[in-house]
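A.B. asks: Residue numbers (this note's numbering), protein chains in the order written: chain A, 1 to 481; chain B, 1 to 228; chain C, 1 to 248.
Watch out, some of these pointers could steer you wrong.
Claimed, not checked - Heads up, incomplete: computed chain A residues facing chain C, CB under 7 Å, no partners named:
| hint | residue |
| --- | --- |
| 1 | Gly429 |
| 2 | Ala431 |
| 3 | Pro462 |
To be verified - Sample of chain A residues facing chain B (criterion: CB under 10 Å; computed from the structure):
| hint | residue |
| --- | --- |
| 4 | Glu125 |
| 5 | Thr153 |
| 6 | Arg307 |
Because the hints were derived from the structure by calculation, they are not lab data. Backbone N, C-alpha and C define an ideal beta-carbon position, used for all residues, glycine too.
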Amino acid sequence: MTESALAFHRRIDTALADARLRQALAMTTGRLAGGRAAAFDALPDPVACREEARHARAAAVARLDFYLDQFARAAAARGCTIHWAETAADAREIISGIARERGIRLAVKSKSMATEEVGLNEALEHAGVRVVETDLGEFVVQLGGDRPSHIITPIIHRSRQDVAALFQEQLGATPAEVEDIPAMTALARRVLRAEFLQAGMGISGVNLAVAETGSLCIVTNEGNGRLTTTLPRVHVALLGLERLVPTAADLAAVLAVLARSATGQASSVYTNVITGPRRRSGASGDPPCGEPDGPDELHVVILDNGRSRTLGTPLAEILYCVRCGACLNACPVYRHIGGHAYGGVYPGPVGSVVMPGLHGLEDWSELAQASSLCGACRDVCPVKIDLPHLLLAVRREAAERRLSPLWVRALMPLYAAVATRPRVYRWAGRAAARLAHAVQRGGWISRLPGPLGAWTASRDFPAPSARSFVEEHRERKAASA
Amino acid sequence: MTTPRERILASIRGGLARACLPAGADYPTARRPASSPPAPTPDLVERFVAALTALSGHAHRATGASGVADVIAGIARAHRALSFISWDDHEIGCPGLLEALSSRGLARVTYDVGGDPGPRVREAEALAGVVLGVTGAFAALADTGGLVLVSGPGRGRLVSLLPPVHVAVVDERRLRPSLAALLAEEAGLLDAGSNVVIIAGPSRTADIEMTLTLGMHGPTDVHVILTT
Amino acid sequence: MMPRPARVQLFATCLVDRFFPAAGHAAVEVLERAGVEVHVPADQTCCGQPAYNGGFAADAAAMARATIDVLSRVADPVVVPSGSCADMIVHHYPALLAGDAEYGPKAAELAGRTYEFTQFLVDVLGFDPPAAQAGPTLAYHASCHGLRGLGLREQPRRLLRAAAGTRSADLPDAETCCGFGGLFAVKMGPISSAMLDAKLDAIERSGADVVVATDVSCLMHIGGGLHRRKSRVRTRHIAEVLAGHVHD
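Okay, chain A solo, but in the shape it has when bound (with noise of 0.2 Å):
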């Protein structure tokens, strides 16, 4: 197993040994699945809704370098600045470009997946911004300087206590301002309204991007999203180039299943549609003849890193998601280990399938073999993805590069040359039924060799029975005839 791989293992052990983290997460995603099957059954058809959110991105996705393109020219002649960002690096590069020639000290995001892919955060703070993270559960994240365990709800792994002890570790609040969790919100409230204030830039992702407008959705439910592209003078916004829809009617399409499949609501509170940065009319270009407020320059900075590439293998599919996190609350395997575990930036079976797409497979592969193929994620995805498909993709790849491990490598030639050839296959039964025979006790087997142990650590296993059931028809047959 690659070192990767162990260290895999390793963080499944510390999760699967958090009582308290395992409680969180049974709470969490049974409530936000709760709450997404109650959602989609107020539907008077939700077939059709997740068709035409699927429709929607596949779509753009199918011609995404016109509808790429097309959205650049639209954003552009709205008065977006327009980057391309080919990796990681570049995108954090002409982020804090952008900071440092205009000597921007202090920075307020909005939350975004994307900006944690590339590590802008670090990044911005080489080149001397303070960034300042403004979703609650993100800001929470940064206070106490880890990572978010879910896309959606990021401090699943953190109870009110953690909270009010890094409140009043990192804020200096009072036990009074901590007492509780509207004590808590309010405060935050308050400490993160003054960094808006002050911010020279406000940084966010993008939910979805209209290709016919060169408009930006990004949806929250805090109000984060608005504030931190209204009040600051500078507005960047980092959009993964896949998360396209064609037209207005096809943002309509996705927006009608996003939320419902992310948290249970019929919208979020916040929709927020932003195309170009603030509208000045009139020929001196003055506020009074304009809008009265929002970023007087709004920069798109559109991010490759992989993705481009993913579109020509076969886990392209993967690129119509949208990030609502119901996979990961419908999968049994992440419902157990929770989002740190798998140890990069998308957990859960999305994460399993584009952490090994973006970021290559002898590091991430791994992941798609922590799950049981159950269909649970493909059964609640918005758009469809046929998840366990995508998962098998990742396998058949990882299994042509040998990244196997060593006994299962050799098990499965083995295997199919015994199963193709029915007479060893029947021998081979009979002897493992003998073998069986020696140390079984009852019928169960308590003890089996080699890596196969890791089934009776926890279980017992059926000794195979002395006379298979092809064999035992066939006399009874023979006898009755």
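Here the structure of chain A is known, so what remains is to put chains B and C in place on it, guided by the hints.
C.D. replies: Positioned in the frame of chain A, the structure of chains B and C alone reads:
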């Protein structure tokens, strides 16, 4: 020498040429959603009110500047508010409202956050004591209880964002069944301003232990006054 | 719905064949009672699913071709007492062999006449199970591939309701995976174990005496866990329940 843009687009084309997308991904053009938006139903108001109320928003009915101003004055009293920020009178869609509010003792505060961070912070601090923001709305959506606000001259974004109480005045005739229905009618909506926002109830978060709290960054209270 | 066939082939599956022959015999018994002649090809082996799920496409394809050969000597429908193996043949064989000029069409042809056991009883035969009699309380665990791969939500439940009557108990989270997943149970032992524990806890909460499923893979996993816990709860394949073999 190719540019990053050219390289990225070329990489995309190369990927598409390898044809790894699922069957049926051969979409020549974008299309309108297959299900046509449902025809407006008589109970749009009831459905909107039910959806808004379920989100802890408050719905009111009123007629004319005087009626609307009475409702707003009541809300202001409940929050001990003496001042407000707002859209311009002709943008709110209730002619004479600002004057009616003035005659009820509510002072309208204007703001200008166009400057550099220094002046902007001072402007915003001056707004810190303002509890109430009054806007109109381009439309309201019955399926989600959402308000559609379009930014523009006289229609600041911050009015519905900074103060803890947001009051929106909406003509009942601007109710629509859904966003899809509205877009089918208003093809250029997304481009009508630099910011089109759909607001569904008060700001909320449940990040800490999945416990719901209202008023995280945006307003804690949302009131919609439906006018006839 | 296809016309009622006079004869079917039984693809027992490697796990039934080697570990749970009683389920195979029960399946034959139920089918024969329903008036269908059952032929069991003697040289059947394994559908190849373990290799397929591991990403070993060439090995899986070899087993798929062999299985197709075994089941294509006659055109009779194939009945499989396993949702996952039936799903393998119906959905994954055609995909796996899509590029094979000879076996691609054969895979599609076989997929068109292959059924999971309860699917065949309900959808093809319109089978009416014998009325409920006294006996242990039964709870149904919905095996994943049958449920989500083949869409078998109703068929097993309908049969079990009729057979068990008031002796059926609701299993909480019946549609949550038991954690078997083939080699997953060994390659990811701790996670598999955690999923199994959740399933076993639910079984205890249900108050059932017997856990019933369409797949012996789930049952050997659940059974292995129950036995390690020294539980009195037993496992039975749905064919055994329908054949009246619930008692020890």
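A.B. asks: Hints first: check each against the structure and report whether it holds.
C.D. replies: Hint by hint, here is what the structure shows:
1. This hint holds: glycine 429(A) has a C-beta 5 Å from the nearest C-beta of chain C, less than the 7 Å allowed.
2. The beta carbon of alanine 431(A) comes no nearer than 11 Å to any beta carbon in chain C, farther than 7 Å, and the hint placing it at the interface is violated.
3. The restraint placing proline 462(A) at the interface with chain C holds, with a minimum CB-CB distance near 5 Å, inside the 7 Å limit.
4. A distance limit of 10 Å between C-beta atoms decides the matter here; for glutamate 125(A) the minimum to chain B is near 19 Å, and the interface restraint is violated.
5. Checking threonine 153(A) against chain B by beta carbon gives a least distance of about 6 Å; that is within 10 Å, so the hint holds.
6. Annotation: interface hint on arginine 307(A) holds; nearest CB of chain B at approximately 9 Å, less than 10 Å.
Of the numbered hints given earlier, the model fails hints 2, 4; all others are met.
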